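Please take these sequences and the hints and turn them into a complete structure.
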Amino acid sequence: MSRPSADAIAAFQQAASALLGSKGFLTDPADLAAALTDWRGLYHGRACGLALPDSTDACAALIKLTAQHGINVVPQGGNTGLSGAATPDASGDAVVVNLRRMNRIRTLDTANDTIIVEAGCILANIQDAAAEAGRLFPLSLTAEGSCQIGGNLSTNAGGLNVLKFGNARALTLGLEVVLADGSVLDGLTTLHKDNTGYDLKQLFIGAEGTLGLITAASMKLFPAFKSRATALVALPGLDVAPALLARCRAATADQLISFELLPRFGLDLARQHFQARNPLEHTADWSLLIEAATPATDFDVALTLERALGEALDDGEISDGLLAESEAQRTNLWRLREGIVNAQPREGASIKHDIAVPVASVPAFVAEATRALAATHPDARLLCFGHLGDGNLHFNLLQPAGGDPAEFLGQTAAINRLIHDLVTAYRGSISAEHGIGQLRRDELHRLKSPIALGLMRRMKAAIDPDGRFNPGKVL
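Mapping of the sequence shown onto this note's numbering: residues 52 to 526, in sequence order.
Hints may be right or wrong, so weigh each one.
[As the list claims (entries may be wrong)] The calculated lysine-lysine pairs, modelled on BS3-like cross-linking and capped at a C-alpha distance of 27 Å, are:
#1 LYS511 - LYS115
#2 LYS499 - LYS403
#3 LYS511 - LYS499
#4 LYS215 - LYS244
#5 LYS115 - LYS74
Since the hints were derived computationally from the structure, they do not count as laboratory data. Only a predicted model underlies this, so the values are computations on that prediction, with no experimental measurement involved.
Printed below as a string of structure tokens:
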């Protein structure tokens, strides 16, 4: 792929400024700075501008300009991703496109339980709009106050409620997408059933901006929860977790929405950095944060969960536990989970893995991976937590206490290979919800089936023949 000349870049900047105006196309380094670094600070790039279109028509016209002048396009949402997918490379010949000015909710249909939103909508705002209409939009992430739905779709975001509602892909009915030539794929159907040929929206969900620019989406809504039950339990060992999950799902009539694994080390960090207190006196190596919720008014979800946990205690599947008796107690339990996430940057450098294995294999995988790391990197501190209910673990290593961050990060490739080879042996995935981006690109190419990679490259070539959309990411 040839690079545009300095004259071509200057011509594009002039045309884009005329198209989008002074508020819609920025070139001042101070305005661009935040868009050129990923959330973790691992990747840094350059760009010839930051485009902020305010309509689908403006997006289409902008992409036509990029095609005319040979400018690459880096779609960027709230820039909260963890894989470097929204950061441009160092060439400086790409435009970062952020749709934060496209933040309108176009329609909300309670009879059809659908909502059509523009890609720049903040996730929390969609949740709030649904709640005001007496509905639930269940996608829920730590970054929901700043991430944009377009980015959530581009990475097929997961989060806390996947166990019940699935990833972003499962919540999507249709998309509006600007393609590489500036044409617009209008697929904003609100139909819950549509079997007319290939399901084209699925190509763009999880593609991390490499195939086109998502500008709007039609999403599913659900009945609002009327009651919740939240429990924290200590485990005698991780091996009992799959059976406990099955017990809780059955007892609550499959109303379980979260089944989060919390390690003792993570709870210690949450207490150290955020005074998040573990109300259980039991010093178990592993705990679970369990939540069930229902829209029904005649189903006592708290009673059913309490009974299930009581039986689990009698059968030795848990060693201690409590059920939140108020919203304040529930909030405090979730602060433990949030504290584990937010404490990590305060502990220095980390090597993160967003892996998934079959739920039944979680205990064996964790045991084997822990032994392997202890043998090869004994000073690294393992922090394994996450969405055990769907087999998605954030298997992270923190630098040795007082160690050198750069020296620790220099071991990334070797540690990745160790963990990812083991994940593959368990027929798992090296990216469950964070995407590939730049962070896992080489590992994807090493481990993905050549046939699958070949199909992905052929789709990329067909939809983005000049390779201008988010180059260097995924493929």
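Going through the hints against the structure:
Between LYS511 and LYS115, the direct Cα distance comes to roughly 18 Å. Compliance with the 27 Å bound is thereby established for this hinted pair. The suggested pairing of LYS499 with LYS403 holds, with an alpha-carbon distance near 19 Å, which does not exceed 27 Å. This hinted pair checks out: LYS511 and LYS499 have alpha carbons roughly 16 Å apart, not beyond 27 Å. For a cut-off of 27 Å, the pair hint linking LYS215 to LYS244 stands: about 20 Å separates their Cα positions.
Taking the CA atoms of LYS115 and LYS74, the gap is near 20 Å; set against the 27 Å cutoff, the hint holds.
Comparing the model with each numbered hint stated earlier shows that all of them hold.
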